[in-house]
Amino acid sequence: MSLSVDIRHDLGDLTVEVAFEAPGGITALFGRSGSGKTTVINAVAGLLKPQSGRIAMQSELLFDSTSKINVPPHHRRLGYVFQDARLFPHLSVLRNLTYGARFAPHGSSGPALDEVADLLGITALLPRHPGTLSGGEKQRVAIGRALLSHPQMLLMDEPLAALDTARKDEILPYLEQLRDVTGLPILYVSHSVTEVARLAATVVVLDRGQVAQVGTVEQVFSDPAMVRQLGLREAGSVLPATVTQHHPDGLTELSVSGGNLFLPQMDLPPGAKTRVRILAQDVILSRELPTGLSALNILPATVRDIRAGGGPGVVVQLQCSDDLLLARITRRSAKALGLEPGVACHAVIKSVSVARHDVGRG
Amino acid sequence: MASLIGWLGPQEWQALALSLKVAFWATVINLPFALLVSQALARWSFPGKQLLNAIVHLPLFLPPVVTGYLLLITLGRRAPVGAWLEQTFGLVLAFRWTGAVLAAAIMGFPLMVRAIRLAIEAVDPKLEQAASTLGASRVWVFATITLPLIMPGLIAGAVLGFAKAMGEFGATITFVSNIPGQTQTLPSAVYSFLQVPGGETAALRLVAVSVGVAMAALIASEMLARRAAKRISGT
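Residue numbers (my numbering), protein chains in the order written: chain A, 4 to 365; chain B, 37 to 271.
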């Protein structure tokens, strides 16, 4: 199940000119506000008609300006989860959830009501009305409602942006469940690195209406060009990791392709796959294997690329076995260490955070 | 109740019954058109939208006598449209109670459209978009989302239209005259009683009845609208 988008739309102060393929799994449309993300997802949903281009789901054309095809939204079968839930206020939660079912084509398959209610933890809410739900509950019902219309793909426009951190943490596991249990492809609009690193397989980075980068999460976030996109504090690479063991001193050992990392106790069993995020500003470089250092996590690496930014800093892209790491150091240090592509060094990692929990633990 | 029946004379009863009948049919006939026109004015863009808006509101700004006269010269039995209606459908409007329904409907139409249009504009189009992404066609979206959400406005519009129809005088008397037992509505009857010496008591009785009907309609609509609003908020 793949979605291909190639559209052009002039918004006056911004021209959105975007082409990408969403191969399945979660594809994130990532970018700052005003980068054209919502324009793209609305065009896919059929809520906005682009001035020109082509949108296709598998072999089915949804929009084609040359052959004048524009399938109306109610025939596209794309479940849309909006940032502001948009539950129907006059219907109970149950009737909100079942609203789309009567329009699904006969014989279309999809999860049943009780499965979805169970997956999203909303069974107890069924008789209630949207006006009495919390923000997080509303959003879960909205996700269930989209799922139960038996869509070919889910579209999610910043589904967590209107929620506070606690509510976000409440919903993220459900989104992970959705990804891992239903296998439904999802186009996920977000400006949050944390969400994208945790959920997405593919990332399409939008910048001022253009595609700035496309690739896997690991590739995209390890590209030095992303430092400008994300800002110094957010830039960092994402690495796949496996839990190897829990140590009695409260540390969990993870293996990445280039070695082992120690993190504060995680609640994942040995063997579980996860993702870790290492911020560029948390990596220090050393030419020799450092000794007498409090940092636990040191990975051998080779310099792949050095990108100068504005100011006194440079961004160094490192190859750590199969993975890529970013380090932000000063231009002066880079010169003093004689760093250039091909030079071997050691990456001292001050801090690692877990970016992703896969479901199906234990 | 028995004393009330005896309290009103036969001509007064006829006027009250006719007014209720005329107002009921004027409201029922107006509702679907008012819904369609309100939806068009609130949501659709099409050439001639301003013209439609002006035509709908025209009866509000014209002297009712002028509206009645316009009806007479287009729908009278010897006028082209009126003659055609009579030949084709056997429908005669001028000087009949059916004509009173038409006059009352036209006079109440702009009031209904205003109330319903405001209600439609208050419905968040994002909800309608959400329904369409769930597979609902435009007609379904209107029937299952828009219509239930505008119910309080719809009720308010219907009551306004009904009240206007009950009270319509100028256009009605010009188009269908003031024939007791046939086209004499409540306001026409009040007017007639005031023209004859000693008719004040009968006129006053009809005034009391008018006040009663108006109050009852207002209270009923208030209760209906409250119940509809309660259903929307779901509390």
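Calculated from the structure, these hints are not laboratory results.
No residue lacks a Cβ here, since even glycine has one placed at the ideal position from N, Cα and C.
Some clues are possibly wrong.
As the list claims (entries may be wrong) - Now the stretches of chain A that chain B is said to cover, found in silico as 3 or more residues with beta-carbon under 8 Å:
hint: 1; region: 72-81
hint: 2; region: 148-155
hint: 3; region: 348-355
To be verified - SDA-like, lysine to any residue: derived pairs with alpha carbons at most 20 Å apart:
hint: 4; chain 1: B; residue 1: LYS162; chain 2: A; residue 2: PRO130
hint: 5; chain 1: B; residue 1: LYS162; chain 2: A; residue 2: PHE106
hint: 6; chain 1: A; residue 1: LYS353; chain 2: A; residue 2: PRO273
hint: 7; chain 1: A; residue 1: LYS52; chain 2: B; residue 2: GLN165
hint: 8; chain 1: B; residue 1: LYS162; chain 2: A; residue 2: HIS77
hint: 9; chain 1: A; residue 1: LYS52; chain 2: B; residue 2: ARG174
hint: 10; chain 1: B; residue 1: LYS162; chain 2: A; residue 2: LYS353
hint: 11; chain 1: B; residue 1: LYS266; chain 2: A; residue 2: GLY345
As the list claims (entries may be wrong) - Here are a few chain B residues that sit away from chain A, every Cβ distance over 10 Å (derived from the structure):
hint: 12; residue: ASP160
hint: 13; residue: SER168
hint: 14; residue: ILE181
hint: 15; residue: TYR227
Next item on the list: Sort out which numbered hints this structure fails and list those numbers smallest first.
Entry: Violated hints: 3, 4, 6, 10, 11, 12, 13 and 14; rest satisfied.
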